[in-house]
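Chains as they are written, first to last, in the working numbering: chain A, 1 to 530; chain B, 1001 to 1699.
Because the hints were derived from the structure by calculation, they are not lab data. Each residue gets a CB set at the ideal place from its N, CA and C atoms; glycine is no exception. Hints are supplied without guarantee of correctness; some may be wrong.
Label-pair ranges, simulated between beta-carbon atoms [said to hold, decoys possible]: (1) 1235(B) / 508(A): 18 to 26 angstroms; (2) 1486(B) / 386(A): 49 to 57 angstroms; (3) 1245(B) / 58(A): 41 to 49 angstroms; (4) 59(A) / 1052(B): 43 to 51 angstroms; (5) 450(A) / 1614(B): 16 to 24 angstroms; (6) 1502(B) / 478(A): 25 to 33 angstroms.
Under the rule of at most 30 angstroms between Cα atoms (straight-line distance), these lysine-lysine pairs were calculated in the DSBU-like manner [what the hints assert, rightly or not]: (7) 482(A) / 1498(B); (8) 482(A) / 1063(B); (9) 1498(B) / 1063(B).
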Amino acid sequence: MDWFENGWGLSLIVFLPVVGALAVLAIPKAKESLIKWTALAFSLVTLGLVIALAVQFDYSAADTYQFGTAMDTTWISAINANFYIAVDGISLPMVILAAVITVLVIIYSWNHWPEPHNPKLLLAFVLILATGMTGTFVALDLVLFFVFFEVVLLPMYFMIGIWGDRAIRVVPVVHWKIEMRLYASLKFFLFTLFGSAFMLLAFIALYFKSGEFLDERTWSMIELSDLGSAGVFTGTFAFLVFAGLFLGFAVKVPMWPLHTWLPDAHTAAPTIGSVILAAVLLKLGTYGFIRIAIPILPDEAVSWAPFIGILAVIGIIYGSLACLAQTDMKRLIAYSSVGHMGFIMLGVATLTPIGLNAAIIGMVAHGLITGLLFFIAGSMSHRYHTRDMTRIGGTMVLMPRMGVLLGFAAMASLGLPALAGFWGEFMALLASFDPLPLIGATTTFRVLMVFGAIGTVLTAGYMLYMLRNVDFGEPSKEFADKVLPDVDGYEWLAWSPLVIGIIAIGIYPKLVFGATNEAVVSLLAKAFGG
Amino acid sequence: MHRLLTIASQITLAAGEEGESAAEEAHDAFVPGITSGPLVEWAWLIVVVPIIATFIIMFWGKKMPFKGWEIAWGSIGFVAIYGTVLFVLNATQGIVYEGAVEIAQIGDLTLEWGWVVDGLSIMMYFLVGVVGFLVFTYAKSYMKGDVRFTWFFASFSLFAGGMLVLVSAPNLIQLIVGWELVGVSSYLLIGHYWEDLANVDAANTAFMVNKVADAGLFLGAIIMAVSVGSFRFDDIIDVVVHGEAGMLSQYAFWAGLLIFIGAMGKSAQFPLHVWLPDAMAGPTPVSALMHAATMVTAGVYLLARLFPFYLDPTGMFAGDVRDIIIVIGGLTLFLMGFLAIVQKDIKKVLAYSTVSQLGYMVAAMGAGAYTAGLFHLFTHAFFKALLFLGAGSIIHAVHSNNMLDMGGLRKKMPVTFWTFIVGTLALIGIFPFAGFFSKDEILASMKYAGENGQDMANFILILGIAGAFITAFYMTRLLALTFFGKYEGHAEPHESPKMMTVPLVALAFFAVAAGWINWPGVYTGFTTWVATRIPLTGMGDHHPEGLDWSLVVIVTPVVLAGVVAGWFVYGRKKKPQAERDSFRIPVLWPFFENLYYIPDFYMNAIVRPIMGPISRVVLWFDMYVIDGFVNLVGLGSLGLAKVVRVFDQNVVDGFYNELGAGVGGSGSGLRLMFTGRVQQYAAFSFIGVVVIAVLFIIL
């Protein structure tokens, strides 16, 4: 299995989906089931390879880059960019998450086609997204990272713009009357582009600066973080570069106050779009902080940490309060992401092993849980033809299984112990009691911890509020005599892996920590000494 | 094991040069006989069996002959048997064991699932198992024909599993896991009849109040774990008994207070008690097992688990918190008793009574009376479960919770009546029923603590004695209104089936006999049964040589006075129910009936503002300020794009016609952008960025 270990396996994992996309595009539109099976086959083979990767991964050396291509595989020689990809304990869980979500989304879409139909194009986009997501998680070259980061953008833009919600919305302040899908997709696109432009600038700045310390300029994250831990990036330069990275990643996370694209995009997107967006795309931002911003600019990370922590906790409280004012179920779940990503960023901001571990398990857990929530919300609005929580109710009567699953997902989302969401939340709070001493803002972080804990209460509040309105009570007159189909086979197939994952990680968090801990500890040791 | 004994001797040293009392010597001399072997190594089955049962019932329960009940019953029976075996062996030989499985390593912290088998946890295994078994037996008949029979037993098994996760926990993390699992099963069972949103609201109240308290527990556990470097109770207690002036002693007050806030939530202490009476919306077996006998005692259990930390013999840890604990417990036992007097719903009377009795236990912990607090927990579990099941039997017969629909049931339901009398005598503390011994021990401990420097204990002792009067008063009212007088309900009352009365009789047996295992001067085995792991020396944990007659001669007459007063007020048998219950004291009664306005306060000062104005302001801010800015920027760049496009079209292409269409509205402009001009946007963004980049370079 040499070929698998020296980079080909991982390259296959990254590019197989895009090959699948081409294959799907080559099939005539009329042969719908062939299109579906092709897409599924490619995603399943990719998942199989990812599983093989996870099985062969050396967990005792989770801090080393494994299955990588040769570090000097030239890609674009003119600018010195290399095709260098590899996984370590931090990226492995994310790669698995992306592969699993891709398969589930394709299974789910088997009988859930948003209008205008066109499975061919939709599945092609899903597969391109898979390549972009996985690529971002395994890239160790900044140009490569940037390219994958941007590859994700367009398919999602089109997904929202073409298959999104067609309801007309009046945009506040400027009074445009516009279809949700158009407004949301454009907003999503521009926000991300705005952020990633700054990110690119920061990358370029790092590239040129690296020439001052090395024989040859480099895009390599590894070499740059070596330079970073040697402390060569200082002063205004480092500040501005970190600011650029911050903007790029913070928009993606999204951190308050750069989050307003998210509720619109999630609400307007078709179900599978929301799922991919929530489950994986948001993590590109947090991953960027962990993989790029902290190791390359550790000193800046230290001085920005209180600021990031404060924004994170504002996000937690603010997002939770915004949830409590929602009547649109999908929008409520969307805002809940703002809160949950706040916990993840709080963990990141502490710059401690526990905080970063918390962030990564939080990313995985949020992916599974919010993915499940969006699936369920999508299926419900598919059946009710509305997402308005003042109209729907008594789901436990009409569709008991759906109701139970929603209850389960809501409990997981509010951080119920023994389910996946608990570890990220609790450990992030724990880390903020004892943040990296270098930051010198321990008291600030302890205050943040208290507000974070208040956030857990508010989180429970809006989840119970949602359950009360959606699940319980008698169905309203509008739906009382309707027969609504309960969870169908495809839904079971797509959702049960998420349910199992949520329980398994909750009971045995080593499934994630086992990979991440060592990698995180060594990353931080390299960045901050000790 | 060896270490634990060492700890015991160390804490004696740390406690000062008071010399060893008889109790201390007895404790030090006590050597557990069982520290290994299959019996304790396999004790994790106690926890796992009910959890597996939950899943089996959930997936296959409906297809079984008894619709899943048999699985729940069998699994709790297993716990009962295992618990009883452990209980007996612990009583005769002593058991101390801890098993653990590592589930993760993060940073310097180790996370483990484990199971502790020692006096404290064995007592809880026994209680959960035996009371649970009787309640599950009863529930089969009580829940017969229920809309969600199978679901009920799945949730009930989940509760048993969660409770056992909690009490078997060797570390704070697992305790929190169990803590919230019982919370969620409580939520499910309170909201069992969720078609009625009032029940859902009660379930939400319970969940949210507990969540608030849990936030405290989370923070306390975090401070504790970071300070000690471990979640394990053993490690925490190690630090305490060694009197290490490290990080823990620095934060001990806050850790202790925050953890106590968690305990206040679960054990329904004032002012976080509001959820427990609401929780009566759940089926009666739930009230009996969870909201009286076991789950609500989790807070007391937690205080017991961390007892040395709160006892604080070296004065470096959470000793100061104990004054807060005793006051909260005292206020709870006193204030909540009054509320029981004015309730019409029989279950709510018992609910407030439970809150009040929990106050006694918590106050005992605050007085440093480990054994007394746990002993009351133990006896209370039996007699309060008995009273709730008795109430359930009545409700089953008359189809109403309202006591005004009852009356005169004495002859119609003799078994229920006599067992209820036993439960009542135990609760109000009449010799030789169980509550007499446990309440007496608590009051004696208060007295002892007061004499030994804890001034607050003297005051709480008076409240405790007054509480005994109130207890006797409201229980007499309850008896008078339900069993005496004339029946005024609409259903045809009849004695409940065997399946329900047999558990009543069994519990009645315990309601008498459970007190005899700690009869000062006669037999005091209980003190050592729960003391095998956590050392008990030092202030407050007082084991008198005999009954404290100076207290008995005060308390027993006070209780009898309560009975007489209650009978005098409510015992007029010939009158109609409503008239018998017409006693009111102006000013006070409205105050009680409105529950001291505490729920109203929470609703108007916290819940409504957050659900209403505050969250709406946040949303408004989001839409009009943050997003408003975003949209204005969008409008601006759109304008710019338009200018460029106009320039483009006018000057370069001379395409006049499209101009008109383009100006038609910003919506159509956007649509144009969407269909073809994304690149233009990208270009503009990049131009902006380049401008900034140039600025960067110049700077």
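Violated hints, by number in ascending order, as checked against the structure: Checked against the structure, the hints that fail are numbers 4, 6, 7, while the rest are satisfied.
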